[in-house]
Structures are given as C-alpha cells and as structure tokens.
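**Student:** Residue numbers (our numbering), protein chains in the order written: chain A, 1 to 462; chain B, 1 to 182.
Hints are computed from structural coordinates only; laboratory data are not their basis. From a predicted model like this one, the values you see are computed outputs, not experimental measurements. A few of these clues could be false.
[Said to hold, decoys possible] Now the stretches of chain B that chain A is said to cover, found in silico as 3 or more residues with beta-carbon under 8 Å:
hint	region
1	29-43
2	56-65
3	76-82
4	98-109
5	116-124
6	133-144
[To be verified] Partial chain A-side listing against chain B, Cβ under 7 Å, derived:
hint	residue
7	24
8	153
9	173
10	180
11	187
12	220
13	236
[Said to hold, decoys possible] In silico contact screen, one side only, chain A against chain B (beta carbon under 7 Å); selected entries:
hint	residue
14	21
15	156
16	157
17	162
18	169
19	191
20	210
21	211
22	213
23	217
24	225
25	226
26	229
27	233
28	240
29	440
Every residue, glycine too, gets a C-beta built ideally from N, C-alpha and C.
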Amino acid sequence: MSEQIRNPSHSPVVAPGYTFRTVTEKISSIVLKGTPRGWYVGFAICFLLAMMLLVAVTYLFIAGVGIWGINVPVAWAFAITNFVWWIGIGHAGTLISAILLLLRQTWRTSINRFAEAMTLFAVACAALFPILHLGRPYFAYWLIPYPSAMGVWPNFRSPLVWDFFAVTTYGLVSLMFWYVGLIPDLGTLRDRAHNTWAKMAYGLLAMGWRGSAYHWQRYHKSYFLLAALATPLVVSVHTIVSFDFAVAILPGWHSTIFPPYFVAGAIFSGFAMVLTITIPLRAFYHLEDFVTVRHLNAMAKVMLVSGLVVAYGYMTEIFLSWYSGNTFEEFLTQNRVFGPYAALFWVLLLCNVVIPQALWLRRVRTNALLLFIISVLINVGMWVERLVIVVGSLSRDYLPSAWGMFAPTAWDWATFIGTLGLFFALMFLFIRLLPMISMAEMRELVQETQPHATAEAAAKPE
Amino acid sequence: MKQPQAYSHLYGLMAEFETPEALLHAAERARQEGYRKLDAYSPFPIEELGDVVHAHSRWVALIVLCGGIVGLVGAFAMQYWIAAVDYPIDVGGRPLASWPAFFPVSFELTILFASLAAVLGMLALNGLPMPYHPAFNVPRFARASQDRFFLLIEARDKFFDYAKTKSFLESLNAYEVNDVTP
Numbered sequence: 001m002s003e004q005i006r007n008p009s010h011s012p013v014v015a016p017g018y019t020f021r022t023v024t025e026k027i028s029s030i031v032l033k034g035t036p037r038g039w040y041v042g043f044a045i046c047f048l049l050a051m052m053l054l055v056a057v058t059y060l061f062i063a064g065v066g067i068w069g070i071n072v073p074v075a076w077a078f079a080i081t082n083f084v085w086w087i088g089i090g091h092a093g094t095l096i097s098a099i100l101l102l103l104r105q106t107w108r109t110s111i112n113r114f115a116e117a118m119t120l121f122a123v124a125c126a127a128l129f130p131i132l133h134l135g136r137p138y139f140a141y142w143l144i145p146y147p148s149a150m151g152v153w154p155n156f157r158s159p160l161v162w163d164f165f166a167v168t169t170y171g172l173v174s175l176m177f178w179y180v181g182l183i184p185d186l187g188t189l190r191d192r193a194h195n196t197w198a199k200m201a202y203g204l205l206a207m208g209w210r211g212s213a214y215h216w217q218r219y220h221k222s223y224f225l226l227a228a229l230a231t232p233l234v235v236s237v238h239t240i241v242s243f244d245f246a247v248a249i250l251p252g253w254h255s256t257i258f259p260p261y262f263v264a265g266a267i268f269s270g271f272a273m274v275l276t277i278t279i280p281l282r283a284f285y286h287l288e289d290f291v292t293v294r295h296l297n298a299m300a301k302v303m304l305v306s307g308l309v310v311a312y313g314y315m316t317e318i319f320l321s322w323y324s325g326n327t328f329e330e331f332l333t334q335n336r337v338f339g340p341y342a343a344l345f346w347v348l349l350l351c352n353v354v355i356p357q358a359l360w361l362r363r364v365r366t367n368a369l370l371l372f373i374i375s376v377l378i379n380v381g382m383w384v385e386r387l388v389i390v391v392g393s394l395s396r397d398y399l400p401s402a403w404g405m406f407a408p409t410a411w412d413w414a415t416f417i418g419t420l421g422l423f424f425a426l427m428f429l430f431i432r433l434l435p436m437i438s439m440a441e442m443r444e445l446v447q448e449t450q451p452h453a454t455a456e457a458a459a460k461p462e
Numbered sequence: 001m002k003q004p005q006a007y008s009h010l011y012g013l014m015a016e017f018e019t020p021e022a023l024l025h026a027a028e029r030a031r032q033e034g035y036r037k038l039d040a041y042s043p044f045p046i047e048e049l050g051d052v053v054h055a056h057s058r059w060v061a062l063i064v065l066c067g068g069i070v071g072l073v074g075a076f077a078m079q080y081w082i083a084a085v086d087y088p089i090d091v092g093g094r095p096l097a098s099w100p101a102f103f104p105v106s107f108e109l110t111i112l113f114a115s116l117a118a119v120l121g122m123l124a125l126n127g128l129p130m131p132y133h134p135a136f137n138v139p140r141f142a143r144a145s146q147d148r149f150f151l152l153i154e155a156r157d158k159f160f161d162y163a164k165t166k167s168f169l170e171s172l173n174a175y176e177v178n179d180v181t182p
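Looking at chain A on its own, in the form it has when it is part of the complex (with noise of 0.2 Å):
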C-alpha cells in the first residue's frame, strides 16, 4: 500500500487477484442483487429535488421568465450560466469515454461507463435551459429546419442556432456510443438474471448480443470509429457553446480566446464532477479494488493540467483589456475585480486557480477525502466563472444609462438546485439499473494485465 502512495502512476489498473468470474460477479451483483438502504435514501432526496424542479418550470411555464431576477440588460443570467456548467460537465465523459479510449489508456476501463452516464445526464440538464429561458418554449422546435407553413427558416449564421445542432448531435452521439458500450454487458446481465422480467428486459435491450467473432470484430471497428468521431465533436460543442458569446460585441465576450478557454474549463469542472462522483460511489460499493488510487491520481492530474489553462485564459482576458487599449474592455476587468459583482470574482479565483494547486502534491492527489472537496469547490468556481461571463458583462456594457443589476429569485435557485436533483437522481437509477463499469473491458483488462490468474482459475475444478 505504501509502496503505491510512493509512485501510484505504477500501481495495476485492476487489483490483483481477480479473474474474468469474480470480475463478472462483482460489477453485476450491484445490479442483480438487492437494493442498499442508503440507496433509497439518496435517490429519496434528489427525487424531490426533481420534484421541486418540476414545480419551478411548471410556474415558469404557467408565469413566464418574469418570475426569474433576469431583466432588460441582463437577460441571461442563471439560465444561460446553467447551461454551460452542465454541458461542459458533460465533456469529461466523452474526453474520458473517446479520447482516452483512443490514446489507450487503460485507466480509463473502469471509470469510462459511469463518466458516459453523467455526459449524458448532464447534456439532458443543460439543454433544459436555453428552451425554458426562451420566454414562448412552446416555440423551441423553429430551431429546426422543416418546411413550415409561414415560409421561414431558422438563420444560420447564428450561434444561437449552431448551438441547437452541436447539443443534439452531442446529446444523440453520447447516447449512441454509452449504448453501444452496454451492448455485451446487457448480454451478460440477461445471462445472468433470475428473475423473469430482469431477463426479458435485458434481454430486449441486448437485441440478442452473443459475443460471436465475426460481431466483435465490427463492434471494434464501430467503437473505435465512434470514439474518433466523439473526439472532434466534443471540441466542437464547446467551441460552438463559447461562440454564443465571443460573436456578440460585448466587452469580456467578444474574444477569440473564448474557444480554447471554454474548452480547458470544460474538461477542467467535468474531471472535477466525475470526482465528485466517483469518490462517494467507489466507497459506498467498495469499488477500491477497480477504482484504485491510480485512477484517483491520473484524474487530479488531469485537472490540475485544464486548471492551468483555465489560468492562463484568466490572465490573457485580463493582458488583454490593457493591452488593446479599448476603454470598455479596461472598464469591464475594472469592474470585474472591483465592480459590485467583485466577490464572484475573487471567490472564482479562489477555486479554479488558488485550491487546486494542492493537486500538485501527490499526498493530496491520493487523498480521496481531500480531493472530494477539491473536485466540489472546483464545481462552485467554475458555476461562479460562467456566471461572472455572463452576468458581468450583461449589466454594465457600453452605455451607463443603460446599466443594470441582476439579483436571483428563488425560482432561479430552485430551478438549478432541481436540475442538480434530477442530475443525481437520474445518476441513482442508472448504478441501481445498468452495470457502471464495463464488464466485457474489464475481462479484457484482467486478460491482458494479469493472465496467470485466469489460467490458475480455469485449471481448479469447479
């Protein structure tokens, strides 16, 4: 153990011991096998945190947006904010998912299927937003091209509208490639549940999967090709998410570093969620042994790399308003650091740069309580960040006469606290209902890593 805090890049991926049965029976039993107490009790509070989202968007629908503290010059506020937290949440799934995949990095195996989940929980939170907020939602669907009875088409040269098509492709890849990789899990988990309605289920959704040569081999083919196509477009959305701002003519938005920034920030609050995940999960199913300290380790350093970015996209926003000499620009980093809104600032500063630079300590890296908390206050900087984008900019722009603040109402707190409800209560079913590491890669790992182990297993009669 000891030796592993020493140098945790050089621990296995998959404790040792373990063979393609006991690897099996481990990651399916959380499934087949019966609830836990503490299950119900989670899935209990986000379900009527949910509930409470639920309320907030039908008074919204029945009220209108006037019920949120957004106004004339700051129309945007939480729900633009909301947006483009959860879906850069979302892209460490897929950075995890595909780009990992295709670099192939073993230590993705066991944290890949759960990071997919949260990818696609989140993308379903994040594109809630830009439709609630529209002020008619009952008219979102004139993003889409169609032939319509009034002759009119959506403009596309607007962001707002390559925004909608760069979320669904996102939305429809992610759940195309999270199927794909539960295809032979669901084969086993037909093959291995008892009760009636479990197998049929199972069995429906694994469209009679049987692990034949000839399937493998496409299913790699088509694995890999997803992977490679996920890992462009993951770049994609988010540039296509920061271009919402950096096309507009706003001081602090108008900027051609938007792009690369809002990507670094994205990977940098998604490592940081999936953490946040992981780190309870792993101790509350006692996953220590697929999740090891190795996995912990490889995360932190991930995210101390993107915080570094996210820095030095800080610090060029700021060169930057002196350097061009634009007086708006100089007046918006005044009133960033100095304006009413100043404490947003300083505390975005003291989660996205200052904290995590304990990551740079492997004693802390190795530390699941210490990261847990890194990785959460990283969630709150990087919420406050978009929200000092988006606010800050909105309320003092050009003209003072036309200056104005923004204050929430508690209906734009309970409609992003119910997002987070419907977040973790989807997370909740998905572990109760589907297996959250890849079984059919696991066995491949024990395969490749620790091939004795099998041979010694298949030679003991059973």
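Once you have looked at the hints, place chain B on chain A.
**Tutor:** Structure of chain B alone, referenced to chain A:
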C-alpha cells in the same frame, strides 16, 4: 468430394473452453481441418480470434465514410439553399451564400450522420437485433457472456460429420461438447 449430410435436428456442435488461448488454438485447428462454417464466442473481444476465423469486414468503415459524406454535403446544401435561394435575407448587401458561417452546422451534421451510420451499420451487418439464435439452446452458453469460450461448428459445413466432428472437438481439450438444436 462428399456431399454434406443433412442433419435436420442439429444446428451444429459446440465446444466449451476455459481460456481464450484454448479457444484460439481450437479455432486454428478447426480451420486447418477444413471447417469453414464456424464461429467463436468470447466474453470480450480477442483480436487474434478475428484473424483466425477470417472475420474481416471493411464495410463498417466504408458505411461510416458514406454517412459522413452524406451529412456534410446534405448540411451544406441545405444551408445554401435556405440562405441563398428559398429565404434570402439581405443584410446591408452582404453576400447571401456566406459559406464560412455554414461550417459549424455542416461539421456537426457530418459527425451525427457518420455516428448514426457507425451504429446502425454495425448492428445491421451483425444481424442485430436477433430475437432467436440456436446457440442459446445450449444452457451452458449463458457463460459465453461471462467467463467461458465457445467454438461452434455448424452442421451445414461440408466437412461436418457428427461422430468425427465431435471426437475432433473433444480432442482439442474441450471442457464439454454439446449438440446445438436448431
């Protein structure tokens, strides 16, 4: 050459192995013996196994390429037609066919169509969803998705002979050899 015998009550013979190495060896031997209508089942992908049973398909990659091209051309054509032909909006005399602005949507739809092609193409080539397959008639086959490795030789193979094929499979150090009913 001998005509294949008709086995109306038999789909094939299935041998069970305990390790991937044993299955690889068995599949290789079966190919050497001349068997062609065979399939190997494993709980995780084994790259060499694909080579042994000659499971090579370039179709997946080709279908994905076609999907991507359809997405790209379709998206670009749609935007051009909408912005320049069917619903032109003159904004201070700027060009209607403002093609750089059409790239984000074209890119996204390229990825979307290529991904759809990758998934649907893979499923279609694999013949999935398949509600029934004879392999599942062997009760022990449930472990093909867990920890065991199976080799199936179909009765319609021209070298298939019940007694000979069975003793051949047994000689490969199989854990068990089972009849597969159709």
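**Student:** Against this structure, judge whether each hint is valid.
**Tutor:** Results of checking the hints against the structure:
1. Check on the region 29-43 of chain B: 5 of its residues sit with their Cβ under 8 Å from a Cβ of chain A, so the three-residue criterion for coverage holds.
2. Note: the region 56-65 of chain B has 6 residues with beta-carbon separation from chain A under 8 Å; the three-residue rule is met and the coverage holds.
3. As drawn, the region 76-82 of chain B meets chain A at 3 residues by the rule of a beta-carbon pair under 8 Å; at three or more, the given contact holds.
4. Given as covered by chain A, the region 98-109 of chain B passes the check, having 8 residues with a CB less than 8 Å from a CB of that chain where 3 are the minimum.
5. Using a Cβ-Cβ cut-off of 8 Å, 6 residues of the region 116-124 of chain B lie near chain A, which meets the minimum of three, so the contact claim holds.
6. Proximity of the region 133-144 of chain B to chain A, defined as three or more residues with a beta carbon under 8 Å from a beta carbon of that chain, is established by the 7 residues found.
7. Annotation: residue 24 (chain A) was flagged as interfacial toward chain B, and the flag holds, the nearest CB pair being 5 Å apart, inside 7 Å.
8. With its C-beta approaching chain B no nearer than about 4 Å, residue 153 (chain A) sits inside the 7 Å limit, and its interface hint holds.
9. At about 5 Å, the closest approach between the beta carbon of residue 173 (chain A) and any beta carbon in chain B falls short of 7 Å, and the interface hint on this residue holds.
10. Taken as an interface hint, residue 180 (chain A) checks out: its beta carbon lies about 6 Å from the nearest beta carbon of chain B, inside 7 Å.
11. Interface hint status for residue 187 (chain A): upheld, as the beta-carbon distance to the closest one in chain B is roughly 4 Å, under 7 Å.
12. Proximity of residue 220 (chain A) to chain B holds as hinted, the smallest CB-CB distance being about 5 Å (cut-off 7 Å).
13. At about 6 Å, the closest approach between the beta carbon of residue 236 (chain A) and any beta carbon in chain B falls short of 7 Å, and the interface hint on this residue holds.
14. A distance limit of 7 Å between C-beta atoms decides the matter here; for residue 21 (chain A) the minimum to chain B is near 4 Å, and the interface restraint holds.
15. This hint holds: residue 156 (chain A) has a C-beta 5 Å from the nearest C-beta of chain B, less than the 7 Å allowed.
16. Hint status for residue 157 (chain A): holds, given a least beta-carbon distance of 4 Å to chain B, under 7 Å.
17. A cut of 7 Å between beta carbons decides the hint on residue 162 (chain A): the least distance to chain B is about 4 Å, and the hint holds.
18. Because the smallest distance between the Cβ of residue 169 (chain A) and any Cβ of chain B comes to about 4 Å, under 7 Å, the interface hint for this residue holds.
19. Checking residue 191 (chain A) against chain B: minimum C-beta separation of about 4 Å stays under 7 Å; hint holds.
20. About 6 Å separates the beta-carbon of residue 210 (chain A) from the nearest beta-carbon of chain B, less than 7 Å, and the hint is met.
21. With 7 Å as the threshold, the beta carbon of residue 211 (chain A) comes within range of chain B, its nearest partner Cβ sitting at about 5 Å, so the hint holds.
22. Below 7 Å, beta-carbon pairs count as interface contacts, and residue 213 (chain A) has one with chain B at about 4 Å; its hint therefore holds.
23. At its closest, the beta carbon of residue 217 (chain A) sits 4 Å from a beta carbon of chain B; the interface hint therefore holds under the 7 Å criterion.
24. The beta carbon of residue 225 (chain A) is positioned within 7 Å of a beta carbon in chain B (closest approach about 5 Å), and the interface hint is therefore held.
25. Against a cut-off of 7 Å between C-beta atoms, the interface hint on residue 226 (chain A) holds, since the closest Cβ of chain B lies about 5 Å away.
26. For residue 229 (chain A), the interface hint holds, the least distance from its beta-carbon to any beta-carbon of chain B being 5 Å, beneath 7 Å.
27. At a threshold of 7 Å, the smallest CB-CB gap from residue 233 (chain A) to chain B is about 5 Å, leaving the interface hint in force.
28. Hint status for residue 240 (chain A) relative to chain B: holds, with the closest Cβ pair at about 6 Å, below 7 Å.
29. Given hint, residue 440 (chain A) at the interface with chain B, holds; its Cβ is 5 Å from that chain's nearest Cβ, closer than 7 Å.
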